[in-house]
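Q: Put together the whole structure using the sequences plus the hints.
Protein sequences appear in the order of chains G and B.
The opening residue of the first sequence carries number 0 in numbering that gives the first Met the number 0; numbering runs sequentially from there.
The opening residue of the second sequence carries number 0 in numbering that gives the first Met the number 0; numbering runs sequentially from there.
Worth flagging that the hints you see were computed from the coordinates, not collected in a lab.
Values in this document were obtained by computation on a predicted structure and should not be read as measured data.
We put the CB at the ideal spot given by N, CA and C, even for glycine.
Accuracy of the hints is not assured; some may be wrong.
Quick list of in silico lysine-lysine cross-link-like pairs, DSS-like style, CA-CA up to 27 Å [as the list claims (entries may be wrong)]:
{"id": "1", "chain 1": "G", "residue 1": "303", "chain 2": "G", "residue 2": "249"}
{"id": "2", "chain 1": "B", "residue 1": "36", "chain 2": "G", "residue 2": "46"}
{"id": "3", "chain 1": "G", "residue 1": "260", "chain 2": "G", "residue 2": "6"}
{"id": "4", "chain 1": "G", "residue 1": "6", "chain 2": "G", "residue 2": "216"}
{"id": "5", "chain 1": "B", "residue 1": "36", "chain 2": "G", "residue 2": "17"}
{"id": "6", "chain 1": "B", "residue 1": "18", "chain 2": "G", "residue 2": "10"}
{"id": "7", "chain 1": "G", "residue 1": "279", "chain 2": "B", "residue 2": "79"}
{"id": "8", "chain 1": "G", "residue 1": "46", "chain 2": "B", "residue 2": "18"}
{"id": "9", "chain 1": "G", "residue 1": "216", "chain 2": "G", "residue 2": "279"}
{"id": "10", "chain 1": "G", "residue 1": "46", "chain 2": "B", "residue 2": "56"}
{"id": "11", "chain 1": "G", "residue 1": "279", "chain 2": "G", "residue 2": "6"}
Quick list of the computed label-pair ranges, beta carbon to beta carbon [to be verified]:
{"id": "12", "chain 1": "B", "residue 1": "24", "chain 2": "G", "residue 2": "98", "range": "50 to 56 Å"}
{"id": "13", "chain 1": "B", "residue 1": "88", "chain 2": "G", "residue 2": "96", "range": "47 to 53 Å"}
{"id": "14", "chain 1": "B", "residue 1": "30", "chain 2": "G", "residue 2": "19", "range": "25 to 31 Å"}
Computed, partial: chain G to chain B, Cβ under 7 Å [as the list claims (entries may be wrong)]:
{"id": "15", "residue": "20"}
{"id": "16", "residue": "24"}
{"id": "17", "residue": "25"}
{"id": "18", "residue": "26"}
{"id": "19", "residue": "30"}
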Amino acid sequence: MAIVLPKVSVKDLQEWSKLGEVFTSGHRLCAGCGAGAMARQVTLAAKALGDPYMFVNATGCLEVASTVYPYTAWDAPWLHNAFENAAATASGAIEAMKSMQRKGLMSERNVNMIVFAGDGGTYDIGLQSLSGAVERGHDFLYVCYSNGAYMNTGIQRSGGTPQGAATTTSPPGTVIPGKIEWQKPLAEIMAAHDIPTFTASPAYPRDLMAKVQAGLKHDGPAFMLVDSPCNLGQRYAPDISMEIAKLAVKTCFFPLFYTYKEEWVLTGISARLAKNPDRKLPIEDFLKPQGRFRHLFKPEWKKKLIEIQDTVDDKWERLVTKATCV
Amino acid sequence: MTEGPKLPILYPMEGVAGKTGEWRTFYPVLNPDLCIKCNICWKYCPDHAIYRADREKDEPISFDYDYCKGCGICAQECPKGAITMVPEGE
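A: Shown next, in the form of structure tokens:
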């Protein structure tokens with residue numbers, strides 16, 4: 000069965016905004032945190048579907064900031080276990096619920112399960128449990144919000160850190176220009192499991208919410224990679240968080256698409272950029288406002304800047320070749 | 000909080016980390032004449048510190064200063080420039 004993205008209109012959003020928040024205010028996320036906007040949008044899309052929902056959270060900024068012991072900002076059933084086993088915990092919760100339904104201890108109805116994990120908890124630590132849960136085929140949506148380092152523990156590099164980014168464990172100097180490697184192709188890895196895979200950005204809420212609903216409606220596991228700007232670790236002023244997220248999409252550094260089996264579809268701004276390639280912005284526009292890439296604009300690392308642009312172009316070209324647009 | 004047995008039951012609620020408005024250095028001020036009630040700021044606010052605008056009642060957005068951390072995303076993203084950030088104490 001192919002994936003059909005529901006149309007989320009401005010009017011729908013106006014209606015949903017009356018539903019009330021699931022991720023309430025007063026949490027400890029930094030001022031200007033992209034994960035806060037992401038969590039609000041994802042939970043609201045789930046609430047708008049009407050079915051009960053529950054959440055599993057891997058260790059990360061979102062978990063630490065929203066559940067200061069013994070309080071919780073989540074107006075929903077919510078479970079945290081550890082860094083490495085968010086997907087396994089979700090599998091257990093889903094199967095326990097199914098077992099209780101079989102025994103008549105719980106009414107038979109569809110419950111939407113969403114797992115939140117950061118890039119550290121997905122790219123590095125949680126990948127094996129995620130892959131295992133997907134292989135077993137439990138019905139959940141896994142949302143990885145990638146802010147490109149372990150921002151919660153002191154900005155250490157992760158598998159999701161972009162090439163050339165300064166972190167405390169990849170400091171730029173005369174020898175290395177920040178992180179040496181390109182980030183892990185996580186969306187492609189998850190797509191290779193033959194599950195619906197989405198990428199989304201909190202700067203484009205209607206696109207994000209449509210993808211959340213499509214992922215939850217799908218019977219079986221689905222994966223979503225969200226670009227989550229972080230003003231603390233990516234080093235920019237908090238008010239331009241959403242601008243940074245928009246620039247990541249407009250420079251084709253973080254394309255918006257979804258894929259299921261052989262089908263690759265570009266959505267939103269990325270689809271428009273594929274049709275009008277001259278509107279694509281140079282990667283400098285995305286790198287320049289962020290302090291973590293500041294060293295790349297020194298004369299000695301100019302070569303690195305060209306290299307990053309070439310890699311972005313190459314990845315974008317390959318994606319456009321295999322993808323269709325909506 | 001709900002009525003019922005006199006047990007200290009904790010429910011999920013606003014203000015997990017207290018009134019996070021204390022964190023603020025700049026606070027947002029709305030020019031209600033410029034607000035077109037598009038709710039774009041409401042969508043982007045990471046703290047849900049913006050009360051949505053109501054087109055039917057012709058009400059513009061308003062701020063929840065108890066929880067607004069003063070990040071300034073709303074002022075940056077407002078298509079009409081209806082929100083300005085003012086330093087606290089002025």
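Q: Are the hints correct? Go through all of them and say.
A: Checked hints:
This hinted pair checks out: residue 303 of chain G and residue 249 of chain G have alpha carbons roughly 21 Å apart, not beyond 27 Å. For a cut-off of 27 Å, the pair hint linking residue 36 of chain B to residue 46 of chain G stands: about 23 Å separates their Cα positions. Under the criterion of a C-alpha separation no larger than 27 Å, the hint pairing residue 260 of chain G with residue 6 of chain G is consistent with the structure, at around 22 Å. A distance of roughly 14 Å separates the Cα atoms of residue 6 of chain G and residue 216 of chain G; the hinted pair therefore holds under the 27 Å criterion.
A C-alpha spacing of about 14 Å is found between residue 36 of chain B and residue 17 of chain G, which places the hinted pair at or below 27 Å, so the restraint holds. With a CA separation close to 32 Å, the supplied pair residue 18 of chain B and residue 10 of chain G exceeds the 27 Å bound. Simply put, residue 279 of chain G and residue 79 of chain B have alpha-carbon atoms about 25 Å apart, close enough for the 27 Å limit, and the pair holds. Note on residue 46 of chain G and residue 18 of chain B: the hinted pairing holds, with a Cα-Cα distance of about 26 Å set against a maximum of 27 Å.
With a C-alpha separation of about 33 Å, the suggested pair residue 216 of chain G and residue 279 of chain G falls outside the 27 Å cut-off, and the hint is violated. This hinted pair checks out: residue 46 of chain G and residue 56 of chain B have alpha carbons roughly 24 Å apart, not beyond 27 Å. Annotation: proposed proximity of residue 279 of chain G to residue 6 of chain G holds, straight-line Cα distance about 25 Å (limit 27 Å). Distance hint check for residue 24 of chain B and residue 98 of chain G: the Cβ-Cβ separation is about 52 Å, which falls inside the suggested range of 50 to 56 Å.
Distance hint check: the CB atoms of residue 88 of chain B and residue 96 of chain G are about 52 Å apart, consistent with the given range 47 to 53 Å. The beta-carbon spacing between residue 30 of chain B and residue 19 of chain G, approximately 27 Å, falls within the hinted interval of 25 to 31 Å. Look at residue 20 of chain G: its Cβ gets to within about 5 Å of chain B, closer than 7 Å, so that hint holds up. Hint status for residue 24 of chain G relative to chain B: holds, with the closest Cβ pair at about 4 Å, below 7 Å.
Against a cut-off of 7 Å between C-beta atoms, the interface hint on residue 25 of chain G holds, since the closest Cβ of chain B lies about 4 Å away. Given hint, residue 26 of chain G at the interface with chain B, holds; its Cβ is 5 Å from that chain's nearest Cβ, closer than 7 Å. Checking residue 30 of chain G against chain B: minimum C-beta separation of about 4 Å stays under 7 Å; hint holds.
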